[in-house]
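Peer 1: Residues per chain, in single letters:
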Amino acid sequence: MDVLFRDYLGTFAEGLWLTVQLTAIGFTAALILGTILAVFRVSPIPPLRVFGAVYVEFFRNVPLVALLLLVVYGLPYAGVNLGYYWSVILALTAVGTAFACETIRSGINAVSAGQVEAARAIGLPFWGIARELVIPQAVRTVISPLVTLFIGILLSTSLAAVVGMRELTSTVSYINNQEALGLTTFLVAAAVYVIISLTAAGIGSRLETRYRVLR
Amino acid sequence: MSAHALFDAQGPRGRATVRVITVASVLALLGVAALVYWQLYRTGQLAPSKWLTFTEPGTIRYLLTGLGNTALAALGAGAIGLPLGLVLALGRLSRRRWLSWPATAVIEVLRAVPVLLLIYIFMFALPQYGINLSTYGKLVVPIGLGAAAVMAEVFRAGVLAVPRGQTEAGLAVGLPDGVTMRLVVFPQALRIVIPALVAQAVVVVKDTAFGYVVSYPELMQSGRVLVANTNDLVQTYLVITVVYVLVNMVISALAQRMEARMNASRGLGRISLLGRARRSTLA
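Protein sequences appear in the order of chains A and B.
So that you can map any letter, position 4 of the first sequence is 4 in UniProt numbering, and since no number is skipped, the others follow by simple counting.
So that you can map any letter, position 163 of the second sequence is 163 in UniProt numbering, and since no number is skipped, the others follow by simple counting.
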């Protein structure tokens, strides 16, 4: 434990920082693209709806390891060189988007059709309905699933270790490789993951109680 | 599935707009597809010689063996995750604090730790204490532990979904706590959670791709070996990815059908645990 903190604090911090970066970028990108895809899926444009459905069906069922290997090692063969960092983010975002889309779509669908029809009956235009009625309710319903998505992306960033990137999981395995500290190093990393997850869950449930939708 | 109520039935102008966007989006999607095709063609990835490997019986048999091992790994992980998840769920539901508290802690920790970290623990940390499992064990035990935490939450949700009146009725006719759970509540909970447990199999199958990390010859690892021999990386990993997706689609579809049938046959109203069943991992 002493060795860990004396000699490897910097290494550990770097690993943690990479994990934080991948999580933050991956989550934000997945949220934005997932929202767009969810709009595709509820829109009245058939090709966009089909595209959204096929995308979700594919990327929800693909193992991230397989996709990661394909993107990281395969894309250069097809003449696309993104480098490890962006390749990992690409794979992470591609899968995250599918889950984000389904989460957000479930939020939109949770707003009852009757409310939308009532709003339309009193003459509210489309954007009015979206802004005043659907979005506020949808956002509130999906807070907790979005926290789950955030934690999912956090855990998935560990897969960057598979292609040799030095994020948190591979950092502790590297330190273990140098010092053979047994379980200790790994438990420290596990504790960090648990702390981040619990913090996210805590913030989520705070927000949820504050903005609860009464039905 | 129809468009969401958010969009009103269009009038003539709306229909014209929809038509324009439809055409534009088809063109855009075709454009992207053409770009991908051109890029693959230009770099020679579509050359027939690079795909012929997958028509050879030897390759097919090799990949099928890999797929078989994927199934073995998934079954092994399920055999650990199901009973352990059940025990954890009952522990968490217990009214005895000394039982529910540790069970809750174990569930929360296992849910918040990446499966890969668990695998690394079994690969690099535990051997230092003389615990050295086979490659199969190093793959299956961590996946099973991760799955146990999620299945525990599924079981718990199922038990909580059984109407309280059932428990009250059991207690009212004089059955002890444990017996009420075993004979009255649990059999009903089990029926409710079966579709969600089947859906959970998707996550387990995806996790088995970590065979690549521990060198257990399941599908992903088989692909890697194949690539080392043929050098057809893009082709091999694409084929494997598609196989995974197809297998998981079949499992998901099965789970959805089971849930639909269950909802049709029960008077309890729609109970969906499928959403909750998904582990927070995307892997």
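By construction, these hints were calculated from the structure, which means they are not laboratory data.
Idealized CB from N, CA, C, for every residue including glycine.
Treat the hints with caution; some may be incorrect.
[Unchecked claim] Now the stretches of chain B that chain A is said to cover, found in silico as 3 or more residues with beta-carbon under 8 Å:
id	stretch
1	41-49
2	64-71
3	75-88
4	101-108
5	211-222
6	226-239
Peer 1: Taking the earlier hints as the rules, which of them does this structure contradict?
Peer 2: Of the numbered hints, 2, 3 and 4 do not hold.
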